[in-house]
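Sequences and hints are given; from them, build the entire structure.
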Amino acid sequence: MADGQAGPKGLGVNGSSGLMRAFYDEYAGPLHRYVMYLTHDSALSEDIVQEVLLRAWRHPTLVNQTEGSARAWLFTVAHNLVRDNARSSRFRSEIATAETPEFASPDQVDATLDAWLVAEALRTLSTDHRAVILRAYYRGSSVADISAELGVPEGTVKSRLHYGVRALRLSLQEMGVTR
1 MADGQAGPKG LGVNGSSGLM RAFYDEYAGP LHRYVMYLTH DSALSEDIVQ EVLLRAWRHP
61 TLVNQTEGSA RAWLFTVAHN LVRDNARSSR FRSEIATAET PEFASPDQVD ATLDAWLVAE
121 ALRTLSTDHR AVILRAYYRG SSVADISAEL GVPEGTVKSR LHYGVRALRL SLQEMGVTR
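By the UniProt record's numbering, the letter at position 50 of the sequence shown is numbered 50, and the numbering carries on one by one without gaps.
Hints were generated in silico from the structure; no laboratory data involved.
Using N, Cα and C, we set each Cβ at its ideal position, and we do this for glycine too.
Do not take every clue at face value.
As the list claims (entries may be wrong) - Cβ-Cβ distance ranges computed for the label pairs, FRET-style:
#1 Ser-159 <-> Pro-106: 34 to 44 Å
#2 Arg-139 <-> Asp-110: 16 to 26 Å
#3 Thr-124 <-> Asp-41: 52 to 62 Å
#4 Gln-108 <-> Gly-18: 54 to 64 Å
#5 Gly-176 <-> Arg-139: 26 to 36 Å
The following block contains the structure:
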């Protein structure tokens, strides 16, 4: 480096494209493999290698001042950048996911809220009314099937359905449900 214009392996301070290309060809592959080994993230590895080579291009005298080779300087800088990135992402609490999270649509939220409110209102009913309503509206059983299953007359099932639905409606109104 007699003229002060050459950096590592002839990397010019002015960054002549031929010299930079040769420097890139020699070190980019090994650097990328090393950073990929450390991060297991291809995109992050490419970013870090690009940053390392950019620093070498901007400060060629630093690369030559290190004891040892330019390779040692490049790998040290890459290692430090990986470590800095890991510290930074830990504080940002970044979580890597393969896909974007799904958000519930307003319809799903409303349906879930409605189901929760109805379940709460059902808990306020008597055991007899709740049993008939669950069988009729949730299981889809007929009056005759409910009558046979519970061992009560069909008229009693119809009466319990009528008064149970009325009590359910009243309970929902007390909870503030208006529809």
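Verification of the hints:
1. The hint said 34 to 44 Å for the Cβ distance between Ser-159 and Pro-106, and at roughly 38 Å that hint holds.
2. Checked against the given bound of 16 to 26 Å, the beta carbons of Arg-139 and Asp-110, roughly 24 Å apart, stay inside it.
3. At about 54 Å, the beta-carbon gap between Thr-124 and Asp-41 stays in the expected band of 52 to 62 Å.
4. Between Gln-108 and Gly-18 the Cβ separation comes to about 60 Å, which falls inside the hinted range of 54 to 64 Å.
5. At roughly 28 Å, the beta-carbon separation of Gly-176 and Arg-139 lies within the given 26 to 36 Å, and the hint holds.
Taken one by one, the earlier hints all hold for this structure without exception.
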